[in-house]
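Engineer: Here's the letter readout for the chains.
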Amino acid sequence: MLKLFKIEWLKIKTYKTFWLLYLSFMVFTPMFVIFVAYKFMNSKYSNFEEMTLKALAGAPFVFPKVWHSATYFSGLFFVVLSMLFILLITNEVQYRTHRQNIIDGWSRMDFIKAKFTLLIFFIISAVAVTFITALFIGYTYSPQGANVWDGIKYLGYFALMATVYLVVAFLVAILVKRTGLSIIIFFVLVVIVDNLLWLGFTLKESQLGYYMPLEAVDSLIPNPFKPKMMERRTVADYTLIITAFSYLAVYVYIIISYFRKTDLKT
Amino acid sequence: MAILSINNLTKNYGKIKALDNVSFSVPEKTVFGILGPNGSGKTTLLGIVMDILKATGGNYKWQGEESIDAMRKKIGTLLETPNFYAYLSGEDNLKIAARIKGRGEEDIEKVLTIVNLFERRKSKFNTYSLGMKQRLAIASTLLGNPDILVFDEPTNGLDPAGIAEIRELIKDLNLHGKTIIMASHILDEVEKVCTHVAIIQKGVLKTVGSVNEVLNTTGSNTKDGILVEISAADNHQLKNILDQMPGLIKISETDNGFEIVCPENTSAESINRFCFDKGIVLNKLNVKRKSLETRFLEITGKQSDR
Numbered sequence: 000m001l002k003l004f005k006i007e008w009l010k011i012k013t014y015k016t017f018w019l020l021y022l023s024f025m026v027f028t029p030m031f032v033i034f035v036a037y038k039f040m041n042s043k044y045s046n047f048e049e050m051t052l053k054a055l056a057g058a059p060f061v062f063p064k065v066w067h068s069a070t071y072f073s074g075l076f077f078v079v080l081s082m083l084f085i086l087l088i089t090n091e092v093q094y095r096t097h098r099q100n101i102i103d104g105w106s107r108m109d110f111i112k113a114k115f116t117l118l119i120f121f122i123i124s125a126v127a128v129t130f131i132t133a134l135f136i137g138y139t140y141s142p143q144g145a146n147v148w149d150g151i152k153y154l155g156y157f158a159l160m161a162t163v164y165l166v167v168a169f170l171v172a173i174l175v176k177r178t179g180l181s182i183i184i185f186f187v188l189v190v191i192v193d194n195l196l197w198l199g200f201t202l203k204e205s206q207l208g209y210y211m212p213l214e215a216v217d218s219l220i221p222n223p224f225k226p227k228m229m230e231r232r233t234v235a236d237y238t239l240i241i242t243a244f245s246y247l248a249v250y251v252y253i254i255i256s257y258f259r260k261t262d263l264k265t
Numbered sequence: 000m001a002i003l004s005i006n007n008l009t010k011n012y013g014k015i016k017a018l019d020n021v022s023f024s025v026p027e028k029t030v031f032g033i034l035g036p037n038g039s040g041k042t043t044l045l046g047i048v049m050d051i052l053k054a055t056g057g058n059y060k061w062q063g064e065e066s067i068d069a070m071r072k073k074i075g076t077l078l079e080t081p082n083f084y085a086y087l088s089g090e091d092n093l094k095i096a097a098r099i100k101g102r103g104e105e106d107i108e109k110v111l112t113i114v115n116l117f118e119r120r121k122s123k124f125n126t127y128s129l130g131m132k133q134r135l136a137i138a139s140t141l142l143g144n145p146d147i148l149v150f151d152e153p154t155n156g157l158d159p160a161g162i163a164e165i166r167e168l169i170k171d172l173n174l175h176g177k178t179i180i181m182a183s184h185i186l187d188e189v190e191k192v193c194t195h196v197a198i199i200q201k202g203v204l205k206t207v208g209s210v211n212e213v214l215n216t217t218g219s220n221t222k223d224g225i226l227v228e229i230s231a232a233d234n235h236q237l238k239n240i241l242d243q244m245p246g247l248i249k250i251s252e253t254d255n256g257f258e259i260v261c262p263e264n265t266s267a268e269s270i271n272r273f274c275f276d277k278g279i280v281l282n283k284l285n286v287k288r289k290s291l292e293t294r295f296l297e298i299t300g301k302q303s304d305r
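The listed protein sequences correspond, in order, to chains A and B.
The first sequence begins at 0 in numbering that gives the first Met the number 0 and counts up by one.
The second sequence begins at 0 in numbering that gives the first Met the number 0 and counts up by one.
Since the hints were derived computationally from the structure, they do not count as laboratory data.
Predicted model, so just to flag it, every value in this text is computed and none were measured.
Please note that a few of the clues may not be correct.
To list a few chain B residues with every Cβ distance to chain A over 12 Å, as calculated [as the list claims (entries may be wrong)]:
| # | residue |
| --- | --- |
| 1 | K16 |
| 2 | N92 |
| 3 | S128 |
| 4 | L174 |
| 5 | I298 |
Lysine-lysine pairs mimicking DSS-like chemistry, simulated, CA-CA at most 30 Å apart [to be verified]:
| # | chain 1 | residue 1 | chain 2 | residue 2 |
| --- | --- | --- | --- | --- |
| 6 | A | K260 | B | K72 |
| 7 | B | K72 | A | K5 |
| 8 | B | K94 | A | K2 |
| 9 | A | K2 | A | K12 |
| 10 | B | K238 | B | K249 |
| 11 | B | K123 | A | K112 |
| 12 | B | K14 | A | K260 |
| 13 | B | K94 | B | K60 |
| 14 | A | K2 | B | K60 |
All residues carry an ideal CB built from backbone N, CA and C; glycine is no exception.
Construct the complete structure from the given sequences, taking the supplied hints into account.
Structural biologist: Structural data, given as structure tokens:
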């Protein structure tokens, strides 16, 4: 696998668009979270409503809740890496290098595996940067003796969410092939379809909405500023985790079985 | 043992049969030409044996083995168009190909020099001209000094000097014991370079064998005759006397004269004398060996497929 990653790395290490999108995620995510935390922690209570809201939010930038908040914001920005991942796959089709890689001696599975090494690289990057950001904010604002590692499970939820997003991106890119169209379809799925389905079910007082493909992982890390009493979800976290893994299995199966059998055309 | 053997290979795109039960095998150390008009299925055939297209039916074996992916690492292939990462330099692109083939990077300088691209190795692929792209693709096939090379229209986009260089390179590779499989729609190229040829049309294999065998197979039109191009100032009168010429097998009109097929033992001198005696002075008399082109047209018919 490392051998495959090294080849993938050769493909991207001098690719400007890769660095642009990768670094925007790696730099802007911590900057944004730190900025919000700074604003939040240093705001004056100017009126009663703000004070109430802040109290309801329940110390989002202090251990242990900072894990929740940091992963939530990273999750919002993670769509940038999903886009980059789509681009790196559809580029291969556009340049017909997916054919050339096979011609040069990769098996179809090697190609899929190589892209999965890239996926793992993105997830490790995102988890690492989120971890450091949360730790930094937590230590900056938490009182002495706070329980640092209590909310660390959110980092795991984040890794799972990131994996689901990238695998969906992978699936869309492999099936659609065109860069622009793939990105549009991915956004429509992420922003519109999934949320509409969730909304539809939730309005009917059904919990089914939480089982929607992306909502399952989104719900694991809800908006940290949303007061607990407004939470309608009764589905347990572990149920959502199992749901997410089931989706992952289906997506990966489709990616592999499709790519192994298809004619590689442009 | 055959380098490549193809058995009943069939490929359908919906109702269209891109390949219809094609079988042949490529002997070792030959330059094997796959000849056919545009859209005849040449690239489809090569795509299947390279596993980028999946056959509808039939199978193929490389050196007697059912397709294994590792086999392709030992074959240098240029399929259809050069496929490279546009934003990477020529050299970096070759590094990727070399790594995939499991080779070191020591060959890169050598292969770039062979195709005269060493000077431009640091330039990005998308700054290359069409001919340079093609030459980079040929360089890539030479990585790791493979014993089998597959070229699909190798001289595409090259200037006349480049075309001559590549043909020399192919012959030279063959002299060094390599087997070369080459698809082309250019008859002249196949005739000049190949030792064996398979002719396919609309996905159907029309004939296969060594170039000599294919050329010498009796054609329906020319029998065992020789082909002569002939014309005179007054072609109408020429036609009249040619009709009386003894032994004439066939006559057909061309743009400014005639192509006639005469018995094998006819000499140019005898034709000239015959015409002169009848009061016609020829302004063109060109004896052609039956070329692959004639043979090709006999086999495929004169109409273009597309």
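Engineer: Look at each hint and say if it fits the structure.
Structural biologist: Do the hints match the structure? See the list:
Residue-level check passed: K16/B sits 15 Å from the nearest beta carbon of chain A, beyond 12 Å. Against the 12 Å criterion, N92/B falls within the reach of chain A, whose nearest CB is about 9 Å from its own CB. With a minimum CB-CB distance of about 17 Å to chain A, S128/B clears the 12 Å threshold, and the non-interface call stands. Residue-level check passed: L174/B sits 25 Å from the nearest beta carbon of chain A, beyond 12 Å.
No beta-carbon of chain A comes within 12 Å of the beta-carbon of I298/B; the shortest separation is about 29 Å. Under the criterion of a C-alpha separation no larger than 30 Å, the hint pairing K260/A with K72/B is consistent with the structure, at around 20 Å. Under the criterion of a C-alpha separation no larger than 30 Å, the hint pairing K72/B with K5/A is consistent with the structure, at around 18 Å. Restraint check for K94/B and K2/A: satisfied, since their Cα atoms lie roughly 13 Å apart, inside the 30 Å limit.
As the CA atoms of K2/A and K12/A are separated by approximately 15 Å, the hinted pair is consistent with the 30 Å bound. Only pairs whose Cα atoms come within 30 Å are accepted, and K238/B paired with K249/B is accepted, the gap being roughly 12 Å. Straight-line distance between C-alpha atoms of K123/B and K112/A comes to about 27 Å, which keeps the hinted pair within the 30 Å bound. Taken as a hint, the K14/B and K260/A pair is honoured in the structure, with Cα atoms around 19 Å apart against an allowance of 30 Å.
Between K94/B and K60/B the alpha-carbon distance is near 29 Å, which keeps this suggested pair within the 30 Å criterion. A threshold of 30 Å between alpha carbons decides the hint, and for K2/A with K60/B the separation of about 28 Å falls inside it, so the pair holds.
Of the numbered hints stated above, the single one contradicted by the structure is hint 2.
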